[in-house]
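Model the full structure from these sequences, guided by the hints.
Protein chains in written order, with this note's numbering: chain G, 68 to 471; chain F, -7 to 439.
Simulated from the structure, these hints should not be mistaken for laboratory data. These numbers were taken from a predicted model, which means no experiment stands behind them. Here a beta-carbon is modelled for each residue, glycine too, at the ideal position from N, C-alpha and C. Please note: incorrect hints may appear among the correct ones.
Claimed, not checked - Selected chain F positions facing chain G (Cβ under 7 Å, derived; list incomplete): (1) Ala183; (2) Thr238; (3) Leu317; (4) Val320; (5) Cys321; (6) Gly327.
Said to hold, decoys possible - Below 20 Å or equal to it, Euclidean Cα-Cα: the simulated DMTMM-like pairs (lysine to aspartate or glutamate) are: (7) G:Lys135 to F:Asp220; (8) G:Lys336 to G:Asp203; (9) F:Lys89 to F:Glu256; (10) G:Lys336 to G:Asp169; (11) F:Lys89 to F:Glu47; (12) G:Lys135 to F:Glu242.
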Amino acid sequence: MALTSHPLLSALRRNPTGAVLIALQIGITLAILVNAAAIVTRAIQKMSRPSGVDTRDTFVMTMVGLSKNFNVYSTSSADLAYLRHLPGVAAASIVFGTPLTDNGSDTSVGRSPGSRGPTVTSALLPVDQQGLRTLDVALIAGRNFRGSEIRVPSAAHPDPRIGEVIVTQALAHALFAHQSALGQTIYVGSHTPSTIIGITRNFMGPQLGQHAYDTVLAPEIVTQYDMYDLLVRTRPGQRAAVFRAAKRHIGTADPNAVIGQAVTFAHAKRLLYSGLRDLAIFLSFLTLVMLALCCLGIFGLGTFNVATRTRQIGIRRALGARRRDIVALFLAENALVVAIGAIFGCLLALAIGQWLTDHDGVARLDPWYLLVGVAILALTSQLAAWQPARRAARIPPSVATRTI
Amino acid sequence: MIGYYLRLALRSFRRAPGLTALMVSAIAIGIAACIVTLTVYHGMANNPIWWKNGELYAVTVNPSTPNRTREAGLPAYGPGQLAYDDATYLFGSSIPKRKALLTFLFGSISGAPDQTRPLPTMTRATTAGFFRMFAVPFRYGGPWSKAADRGPEPVMVLSGRENHKLFGGADSVGRTLLWSGHRFRVVGVLAPWHPLPRFYDLSAGNGGAFARPAGAFIPFQWGPVLGDWPAGDLSCDTHGSSTTPTTYQELLGSSCTWIGLWVELPTPAAQRHFLAFMQAYAANQRAAGRFQAVNTHLWTVSQWLTLHHVVSHRSGLLVNLAFALLAVCLINTLGILLAKFLRGAPVAGVRRALGASRRQIFAQHLVEAGAVSLAGAVLGLALSAAGLAGVRLMYRGSSAAYGKFAHFDAIGLAWAVALAFVSTIVAGLYPAWRIGRRAPATYLKSQ
Chain G
68 MALTSHPLLS ALRRNPTGAV LIALQIGITL AILVNAAAIV TRAIQKMSRP
118 SGVDTRDTFV MTMVGLSKNF NVYSTSSADL AYLRHLPGVA AASIVFGTPL
168 TDNGSDTSVG RSPGSRGPTV TSALLPVDQQ GLRTLDVALI AGRNFRGSEI
218 RVPSAAHPDP RIGEVIVTQA LAHALFAHQS ALGQTIYVGS HTPSTIIGIT
268 RNFMGPQLGQ HAYDTVLAPE IVTQYDMYDL LVRTRPGQRA AVFRAAKRHI
318 GTADPNAVIG QAVTFAHAKR LLYSGLRDLA IFLSFLTLVM LALCCLGIFG
368 LGTFNVATRT RQIGIRRALG ARRRDIVALF LAENALVVAI GAIFGCLLAL
418 AIGQWLTDHD GVARLDPWYL LVGVAILALT SQLAAWQPAR RAARIPPSVA
468 TRTI
Chain F
-7 MIGYYLRLAL RSFRRAPGLT ALMVSAIAIG IAACIVTLTV YHGMANNPIW
43 WKNGELYAVT VNPSTPNRTR EAGLPAYGPG QLAYDDATYL FGSSIPKRKA
93 LLTFLFGSIS GAPDQTRPLP TMTRATTAGF FRMFAVPFRY GGPWSKAADR
143 GPEPVMVLSG RENHKLFGGA DSVGRTLLWS GHRFRVVGVL APWHPLPRFY
193 DLSAGNGGAF ARPAGAFIPF QWGPVLGDWP AGDLSCDTHG SSTTPTTYQE
243 LLGSSCTWIG LWVELPTPAA QRHFLAFMQA YAANQRAAGR FQAVNTHLWT
293 VSQWLTLHHV VSHRSGLLVN LAFALLAVCL INTLGILLAK FLRGAPVAGV
343 RRALGASRRQ IFAQHLVEAG AVSLAGAVLG LALSAAGLAG VRLMYRGSSA
393 AYGKFAHFDA IGLAWAVALA FVSTIVAGLY PAWRIGRRAP ATYLKSQ
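The structure is reproduced here in structure tokens:
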């Protein structure tokens, strides 16, 4: 039997409301599915950015002084001496700020002094000569700080000059584009010039957001705030033990200091993306529930309609329609409804995408998502309609026409 | 009559148990999704001091030009906190009924009986007005006096939590403690107080909108007197070219921002007066060359919450998504009910022929739709309770906001009832109307 448009449309014409309702459901589900998929994909992309540091075996302890007798330099030197002798410690360093968190300073960096010319907002991470080794960040050009270059300014001898700096590859690119940044002069937060002596691989410094990879490392032990950060990298698998031992010893070593905060990089990274991860989980969950309900609805209504149309199917079969013609008819009916729903859904998806772009600054919806979304929905809804269609085809003509 | 309709509905459910289960669970899932997301959203959008919304104002002063402000990555109103000179000058005004300066200091408390180790404590350095202005409840004692602000006198207010750690919860008013080595006298102990969001301090650098209030409170001037650096948000990029201060004296003279200022202005006249006072100050500073712009604002608590995006776009997104899910569920149910009712049309035709009025047929089918929605709502409440428990479990021990608000409340219950009602109207009204309108003869013909 040739499948003309007549039998296909007649059933829909008899109950247009039912078809419209299914199309509406499919449209809304498609629009949400597509936009949710776009948001979740971007979240996953952002979460899988490399941190550039060893997140498994590194932790930071923030030490805070409690009285005038507290001396950052002597206490931190004692802490470092203890840590470096602890078995299981690969490297330890004193820094000011915690990579992968918002705990740190930022500064403006430019190629000309003061606010003349363009500047880049960058994280400023003061480190000693062990800093790079502890972060496990490799140099791609230039050299590390020498011990003699590490300055220890104090309230009595302030020294705002930073002579040499090391910058990340991202910051070097932001400042000098494709020129070589090594040996160039830059101005870090002040009018005094600094020379770039090294360029490191990218890593996430103590400043998040758009410029997570822009960091200036300065050779300095910061003493004027009565606090400092101990950065510790352990040998593989030893972190938990070293973390516990360090907390116990360092927490009580100097009565004038306490541990203000102690975080592992793994924890900091989890915290950093927790909002994004939760959004991705909730969005995926709600969208999948929606898709499942939509398909269950098609399946339920399909099953119900088969029962209602038993007689009609029986007559068709008696008049010579084969089983596969009946299945084809039901699937074609469903496909038509899905097509109408998909057109409506695509328009709605674009509208929602536009709204998200305007209100949340989400990037414009990629048309590929629409294509894949329509394919997924068409496939699942045809699957949902298939079982009722097969059941309809199994109706023997004799049973169906018995009551005539 | 309703009882009879319900019996008919029950019979109809039994005829198609699968479809009925599908409708009930669809409505339940839709309602549960809405309640869970709405409960969290309402918690975040909460204004904990709504009754003083028109009286309390956060003060902002932006000394930079719009261009510089943009370059520094700040919103148009500038930094959310003030520099020392500006904060203390504006605080000196006698226009506000109450006023408070706010910053954080890090201290360690010792000297309590039986205490073996110093207790590291985030300490709120503020002024006497803080407690009355923000309606802070006291368990013992009370706030310090305004005179204690000026001294400053060594007085301290403890939070209930810290008082429990130090004194086992006993009345500690009059006791002396060492705060970072200095003697302070306890004058008050707070009752449990944890406003969410922490509207008076939303700065991310101070822990954000959902952080716990400080463990101890001391007069603001102790920071400058002891030369103790602020332990909270300290931002120095207001002028771009300014260098980071290295001594405490430099910090006081710098344009770095680290102090919050709140004022209580109960009347519109007082608001205008204070705004004019601020503008005059900014204009003076610009004339003196310290400011590049006159850009001062007063913000109500709800404006302040909005400016800081306390209600994240994300939670708003999820609420919208939940409502879209509910819409799909309702359309689903509407389609199934319509098909079911139309299939039962011959029965309705017989009832019409036997004397039932159109209205009675309509009522009978609406009762059936209502029963489906009601069952859906009850199941939905159970699902929401489970969902909220799941969210709490997911955020156990975390500082993220979602977990703190995932508790069933009266608002959630009211929403469930309202949504069940809406579901009946949306999903049941049209099918019931369609079936009630049918002429009985068409259906009786083929019997």
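Comparing the hints with the structure gives:
no.	hint	verdict
1	Ala183	violated, 28 Å
2	Thr238	holds, 4 Å
3	Leu317	holds, 5 Å
4	Val320	holds, 5 Å
5	Cys321	holds, 6 Å
6	Gly327	holds, 4 Å
7	G:Lys135 to F:Asp220	holds, 10 Å
8	G:Lys336 to G:Asp203	holds, 16 Å
9	F:Lys89 to F:Glu256	holds, 6 Å
10	G:Lys336 to G:Asp169	holds, 11 Å
11	F:Lys89 to F:Glu47	holds, 10 Å
12	G:Lys135 to F:Glu242	holds, 19 Å
Taken one by one, the earlier hints fail for this structure only at number 1.
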